[in-house]
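Protein chains: 2
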Amino acid sequence: MRIDALQYCRWSESVFRQMREGGVDAVHVTIAYHENFREMVARIEEWNRHFERFPELIFQGFSAQCINKARETNRTAIFFGFQNPSPIEDDIGLVEIVHRLGVRFMQLSYNNQSLLATGCYEAEDPGITRMGRQVIKEMNRVGLVVDMSHSAERSTLEAIEISERPIAITHANPAFWEPALRNKSDAVLRALGESGGMLGFSLYPHHLKDKGECTLEGFCQMVAQTADLMGVDHIGIGSDLCQDQPDSVVEWMRVGRWTKEIDYGEGSKSNAGFPPQPAWFEDNRHFSNIEAGLRQVGFDAVDTAKIIGGNWYRFFEQEFTPRG
Amino acid sequence: MRIDALQYCRWSESVFRQMREGGVDAVHVTIAYHENFREMVARIEEWNRHFERFPELIFQGFSAQCINKARETNRTAIFFGFQNPSPIEDDIGLVEIVHRLGVRFMQLSYNNQSLLATGCYEAEDPGITRMGRQVIKEMNRVGLVVDMSHSAERSTLEAIEISERPIAITHANPAFWEPALRNKSDAVLRALGESGGMLGFSLYPHHLKDKGECTLEGFCQMVAQTADLMGVDHIGIGSDLCQDQPDSVVEWMRVGRWTKEIDYGEGSKSNAGFPPQPAWFEDNRHFSNIEAGLRQVGFDAVDTAKIIGGNWYRFFEQEFTPRG
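Protein sequences, first through last, are from chains A and B. Take any residue in the first sequence, count from 1 to its spot, add 273: that is its number in the numbering used here. Take any residue in the second sequence, count from 1 to its spot, add 273: that is its number in the numbering used here.
Since the hints were derived computationally from the structure, they do not count as laboratory data. Treat the hints loosely; a few may be bogus.
Each pair may be met inside one copy or between any two copies, as identical chains are not told apart.
[Said to hold, decoys possible] Below, computed lysine to aspartate or glutamate pairings styled on DMTMM-like, alpha-carbon distance capped at 20 Å:
hint: 1; residue 1: LYS410; residue 2: GLU319
hint: 2; residue 1: LYS533; residue 2: GLU308
hint: 3; residue 1: LYS410; residue 2: GLU325
hint: 4; residue 1: LYS342; residue 2: GLU294
hint: 5; residue 1: LYS410; residue 2: GLU318
hint: 6; residue 1: LYS410; residue 2: GLU434
Only chain A is shown next, with the shape it has when bound in the complex (with noise of 0.2 Å):
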């Protein structure tokens, strides 16, 4: 069983059927990252419209019992996730609704501060808001899974703490590795370990040591150290695969409608766009590339099957649905 974590590519035919040439039974794929509540549903809709144009590949998924009918039927599950609250605007009833719409991740916060949560790169860490203790509460209740990727450290301790389910950070890596202001502190991954939380590794070049250059095989040993500090049974892929968008994308995703003025994010002024993938990770199809990586620096087919997509699916089965 593969699973993806997170996704955001320019949808197509070609990338759903490299999803099954990957034997890539279910992804969580980002619709919103500044839309409002109006807009996130024509993104929606968008989806909707390449669930009927390809039923043989696609369909979309709700539960973990979907990815059991995507093995079945050689189909790809695509589960719906934001990586802002935006789509929420200050209303806690849309947490409801969005989760009956098929929403199954949620980010408290981007890059910046949000209503409920300090994004990764603001100066200062303020930490949950008082509409974010009631939105994390509404979350668990309805079973919206709180992901805490791009959010800034005090803000995730305390998202982990406050959560009576555990979370995730569906796609990043730890800064032991590679110090990138998105990437990790060991506290926070020890403290989403211990709480039965997720990571999911990024292979996004800003979040991976030496960018499109890194090996698989450094890639690898960073997830074994991982293991070691997490437990083998919190980690899996997140790959934050953003194939075929143009530049534009990347700018809407950095700047949306909050400044007027350009803001490079992870990027540079002299490298402004998405950058080049490792030559290990470009497509779904390659998958197997960090299958045979894990076994290679020792993972026994049990724990590299647990990362590759049994831990993601046990988290499914667990955490998207109210608790009875």
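For this one, chain A is given, so just place chain B on it according to the hints.
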């Protein structure tokens, strides 16, 4: 089994308890008259709070199976519907979105011309519009029922013709009995029955002979005559109960935001508010009166059970999901 195919009460614990006392297993409730998409979502949020506060009385229904669950757990399943297509705005993609949110009936028009069809108070009825044809097709695809309760004659006949699945008139009476503009001609009722559609008899005084003074016997004799016209398998109850609503609500229903003047709809300047109900149908506890009245005018137990719920159950079972 008792099913009411339309109510728009001022929802409260008291009304929900009356549903239980009356043994009403399922109710189709109106959640939008003139609301746009975002405003309609706020109405669902209000319902979600009711479901959270009164889980021992009500829950949201999505399919006929939910009615079985309601009976097993002694609760009422609440199904959502619109009396106007305003919540889908000018966006056909919203048909699938609102179906996902649990909406199961949508009128193609309220009293006025809509983007899709003509309402019963317009002077001219040009029939189903270009968008209307597309939306009917999409509603057929996802399992959202076309409801023509407030639509004009030609539009209604065309909707029956164009729709590949049976449609509903959830709340109206035959014009042969009470010639209100909202009541339906023999031609409409015959076409509705022949196409496998359903009529829900209204208990709203403006649709009744002698309004609030209408007798139970007279009402039940009308049901018998309609059964002769349409077939006993195509009729049920759609009471249009607007219990406990202040008169400001009937004004919103009639006037919305489409005029700055007052429109009295079925009422008049001297009788502008909600009219008084007949004494034998004041709230959900009075379903047994209708049942007794139907037996009194000669319906046997089997046919009475069909009219009071069985026919709607079959219709819900067949029409709320995509066709296999």
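Note to self: Need the list of violated hint numbers for this structure, in ascending order.
What the structure shows: Result: no hint breaks.
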